[in-house]
Amino acid sequence: MPLSVDERWDLIDKISKQTVTFGAYKHTLKDAIAELTVKPLTGIPVAIAVIYGFWSFFCDFAGTLFTDGFMVKLFDEHWLPWLQSVFPGGLGNPLYALMVDAGHIENGVLVASDTCFESFGVLTSGLFVPFGVVLWAVVAFYLMFAILEDVGYLPRLAVLVDTILHKIGLHGYAIVPTFLSLGCNVPGVTAVRPLETRKQRFLMITLLAVFIPCGAQIGIMQDLVPELIGWIFLTLAIGYLGFGFILNKIVPGKSPELVMDVPPYQMPMLRNIASKLWIRTSRFLLVAVPFVMLGCLIVGLMYLTGAMDWLAAVFGPLLMGWFGVPAETVAPLIAGFLRKDLAVGMIGGLMEQGIMTTFQVFTSVVLLCIYFPCLATFVMMLKEENWKEFLGSIASLVAMVFIYGGLIHLVGIMLGVA
Amino acid sequence: MATTEEILCWIEKGGTLDELAKVLGMSKSLLVARIEFLVRAGYLSEIRSGNGCGSCANCKSCGVPVPGGGDTGMKMYLLTETGMAHVKNEKR
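Read top to bottom, the protein sequences are chains R and W.
Counting from 2, one number per residue, gives the positions in the first sequence under this note's numbering.
Counting from 1181, one number per residue, gives the positions in the second sequence under this note's numbering.
The set of hints was computed from the structure by calculation and includes no laboratory data.
Wrong hints could be hidden among the right ones.
As the list claims (entries may be wrong) - Straight-line C-alpha distance at most 25 angstroms; calculated SDA-like pairs for lysine to any residue:
hint, chain 1, residue 1, chain 2, residue 2
1, R, K15, W, V1203
2, W, K1193, W, S1209
3, R, K168, W, G1194
Model, not experiment: these values are computed from the prediction.
Pulled out of the complex, with its shape left as it was, chain R reads as follows (with noise of 0.2 angstroms):
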């Protein structure tokens, strides 16, 4: 008579049992480490420890030892004094306003800039922002998140935050596109395609395209805003968690369970490590850099040509009414399309001239990381989803910035700063 199948595993059980012998498993250091990452009571502790380090890096080694102590004075002190005296036209040329310093107007008078974030010239911010800033920001990011990648963190990462994000219709293997994306989207809208449904799939590009700001957008927010970063983390936590849930119930398809074969730690491997980070810089600055200049020389010929003008008096009542910035953020939330690196440089600006508020400047940057993904990250948007799902995300996109930007004016007027 046949087995059936549970009884010819039963029959498996049987004779593993009487013929293989199990000798007593040594508990390790590495398993009780691995235990005490994955068990909530634990990981979670160790997962701050863990986020907290991997920040404190980031600020210390791109912030404070590279651009603060080296290439802010190399940029500012040198490169900019340097070209302002040797490119030919002067203040007020065309050609010289867009190449080295469009300057800004003081009492009247039209002054040079003192600092590469004002200037806005494509050899003076365009090379500063990606260069001076954005690449360091970007080595500490990638050199830390393969760091954690080779020893095997993220999976134990996933298991802890698996809870929460199933309330959001994803799952923990979620938090790797999320994390991946907070070096850059374009990799983390890629990183999307193990999810199972394409629910999931388009709930993560979704959030991700409007809620995670990329590591060459931290960067420059950590050196220009030091102060207000963590408020701005809070409110786009607040967004990815709050919007995450709404679209999970507006959105018709299946979030499955799953279970997760977590692997063992491993010891990382310097050239892995060292090919990963070369391998994702280099990408970066192929990208970044030709953005960035191109970025600059646009925003230049539309202040030369008026168009920036017109553009500001056409939408700024609805930036001042609705989302309660100045005009002058129209600028910025234009060279966003190109780089958000770059649009958050030119709030710099903006706030050096004094023509914006604390909470101002606190909303024009979330503005700029929710109000629409980057061109690589549109461009990526259209490959990974289908033309029903890209307009979906779109409208969803379109209905957060409106929703949540008024609501951030809101707050800002009921606590009196706005």
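Since chain R is already given, all that's left is putting chain W on it; use the hints.
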């Protein structure tokens, strides 16, 4: 010894393989063998994900050997339509 239906019902609830092995009172190696059988039988689907870079567009052409990554990274199992129907029938 847990039945196929029990294993599928627990997988539907989510978690990790280690937790599942403890709950079902079997060794992890036996559970993995049973899960691999269920994948072949069409009740479960297996999703492999490298530690971040495994899902990269350049993964196949990338020569970087990733410890715990690529094909040997995090594995996830979920119920297929057949598996779900089986669980549903069992619950009835």
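Hints versus structure:
Taking the CA atoms of K15 of chain R and V1203 of chain W, the gap is near 19 angstroms; set against the 25 angstroms cutoff, the hint holds. Distance restraint check for K1193 of chain W and S1209 of chain W: the Cα-Cα separation of roughly 20 angstroms lies within the 25 angstroms cut-off, and the hinted pair is therefore satisfied. For the hint linking K168 of chain R to G1194 of chain W, the alpha-carbon distance of about 14 angstroms falls within 25 angstroms, and the restraint holds.
Violated hints: none; the structure is consistent with every hint.
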